[in-house]
Amino acid sequence: MIALSSTSLSKTYRNGFLNQRPVRALEDFSLEVESGQIFSLLGPNGAGKTTFIKILLSLARPSTGSAIILGENLPSTRVRTRIGYLPENHRYPGYLTGEQVLRLFGQLSGVPHAAVETRITPLLKMVGMDQWRTMKVKKYSKGMLQRIGLAQALINEPELIFLDEPTDGVDPVGRKEIRDILRNLKEQGKTVFLNSHLLSEVELVSDRVAILDKGKLLKTGTVDELTTTGSRYQIGFVPPLPESFRLEAAALVLQISYAPEALTGELKSTQELNRLIDLLRKHGVELTSITRQRSTLEESFLNLLKREVPA
Amino acid sequence: MRLLALILHTVREVAAKATLWVLVGISTVILLVIALGFSTDTTADGVVLQIFGHATTPPLERSQLEQAVATMQAGLAGGLMTGVFLFGIFATAGIIPEALEKGIVDLYLSKPIARWELLAGKSLGAVAVILVNIVYFIGALWLVVGLKAGIWSLQLLLSPLLMTFVFACLYSIVTVLAVATRNMGIVIIGAFLYLIVVGAALESRAQGLYLLSGSAVYRSVVDGLFYIFPQIAGMQNQIALLILKQQVDWVPFAQSFASSCAIFGAAAALLQRKDF
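So the sequences go chain by chain: C and Y. With the numbering used here applied, the first sequence corresponds to residues 1 to 311, in that order. With the numbering used here applied, the second sequence corresponds to residues 1001 to 1276, in that order.
Because the hints were derived from the structure by calculation, they are not lab data. None of the values given here were measured: they were computed from a predicted structure. Mixed in with the good hints, there may be bad ones.
Using 20 angstroms as the maximum straight-line C-alpha spacing, the simulated PhoX-like pairs for lysine-lysine come out as follows [said to hold, decoys possible]:
| hint | chain 1 | residue 1 | chain 2 | residue 2 |
| --- | --- | --- | --- | --- |
| 1 | Y | LYS1274 | C | LYS138 |
| 2 | C | LYS125 | C | LYS139 |
| 3 | C | LYS136 | Y | LYS1017 |
| 4 | C | LYS219 | C | LYS306 |
| 5 | C | LYS176 | C | LYS186 |
| 6 | Y | LYS1102 | Y | LYS1245 |
| 7 | Y | LYS1102 | C | LYS142 |
| 8 | C | LYS138 | Y | LYS1102 |
| 9 | C | LYS125 | C | LYS136 |
| 10 | C | LYS125 | C | LYS142 |
| 11 | C | LYS125 | C | LYS214 |
| 12 | C | LYS176 | C | LYS125 |
| 13 | C | LYS176 | C | LYS142 |
| 14 | C | LYS186 | C | LYS125 |
| 15 | Y | LYS1017 | C | LYS139 |
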């Protein structure tokens, strides 16, 4: 089942007062996100990630294209009863306490008063803010604001949750707790749409990832698909490695690098891998391990962006 | 339910500002001065009005006394209206620009709230605060004068509703300026300019603006502006007449209601077109 889909979404902003310069924030952006997944949208600053979320939440109007969320065509006010949103750099009225923030936004979400009251305490406990529930939010730290913001986004028990940089300003322990909350939401069948520049975080929780740059979708896939570099293998061995092996290997493998107890080779196929192993054996080298190499999401992301930048 | 939550939240927001409490403080001081200083002395010739023990009128018959008290009440109510409008704009002008700021508007509009509803909730919340203030002052004034002079004016008791209506009309201008500029400073300047200069000039156009040109087109434009905008000064004059128990002309109220609805509609349409 599809939680959200966009078809050829484009957004052009006009900058400047008199001489309005068009700025393309999103270009022909089509995407599908399945229900029950943690989906992450990655991209450098200004890539159009927040613009995409804002269009989905009707905070901005698309220049062209259309989108469907939870089966409803946008724009739709009604569908927002089923959505939670934690914006980036959100600001709550400083005179409210954490508890009052949840009460207010629960009421604004259309949740009946009694239901709001029963949800406040479990949510505050879940995000670790129960002991500061009566403190005014103007006294909260950035991390505490993020936690209360997350609780606010969940007060209406949404089916689809948009989180824009949810771990921004949160300490490592808090980040781990937030990741656990996201996994828990996924287990409950909810769809989480994550915007984050913390790629290591994204890698740990996401089912699928899309990479966006300059308003265009560059690639989409699972974390595995994006991080497996295909044919790079590391072979561990007991030194020494004979020089004759190196000469023969150079003819066999296009790219090969050596460390004292391992070599890393860019191989075209498993047959080539087996030939390399045979060669090592032929030279009497004792093998200790064979590992298929994966790049981090960050490396994949940077490589992808580099490829897009014209030389 | 959502609209009510927005209204109550806005009331709380304004109550968190010092400006409102300055207004409440000033109102309370004035009321205390009246409560302590105002008295009547019944003599064989009639009733004398006294301020801190000093007679301010000759002995008055009942009808004359009622008239004198009504004049005093109209003066105080007029002063209150001006004070409340000025302080009220100061205290509430920032409500809509703040609600439309990045990081706040996202939170509101990601909830199932229509944009016009956000605007209505914020505006009605501001008006509700002013209503409470006016009711506090006028209600207390009515009680003090009633207890001290034995005059219980129904007209004075009705005036807070009309005063609040006038503020609501003025607030439609605040709303459209707030949506267009999202700048509290510009909103305050614009509202004051309208209240003190433009509205007053349009109200007394026969003695001022008409004299600038004899052109029929010019006069039509001036008249058009007069009917397009809420007639704040005209309604204030009618409220004074109500308290003085004189004939009230309801036309300025009806016209201002229509123009305020149109201005609010324009603000809502403008907000609908904005990207955040």
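Each hint, compared with the structure:
no., hint, in the structure
1, LYS1274/Y x LYS138/C, "violated (29 angstroms)"
2, LYS125/C x LYS139/C, "holds (19 angstroms)"
3, LYS136/C x LYS1017/Y, "holds (15 angstroms)"
4, LYS219/C x LYS306/C, "holds (13 angstroms)"
5, LYS176/C x LYS186/C, "holds (15 angstroms)"
6, LYS1102/Y x LYS1245/Y, "violated (50 angstroms)"
7, LYS1102/Y x LYS142/C, "holds (17 angstroms)"
8, LYS138/C x LYS1102/Y, "holds (17 angstroms)"
9, LYS125/C x LYS136/C, "holds (17 angstroms)"
10, LYS125/C x LYS142/C, "holds (18 angstroms)"
11, LYS125/C x LYS214/C, "violated (39 angstroms)"
12, LYS176/C x LYS125/C, "holds (15 angstroms)"
13, LYS176/C x LYS142/C, "holds (16 angstroms)"
14, LYS186/C x LYS125/C, "holds (19 angstroms)"
15, LYS1017/Y x LYS139/C, "holds (17 angstroms)"
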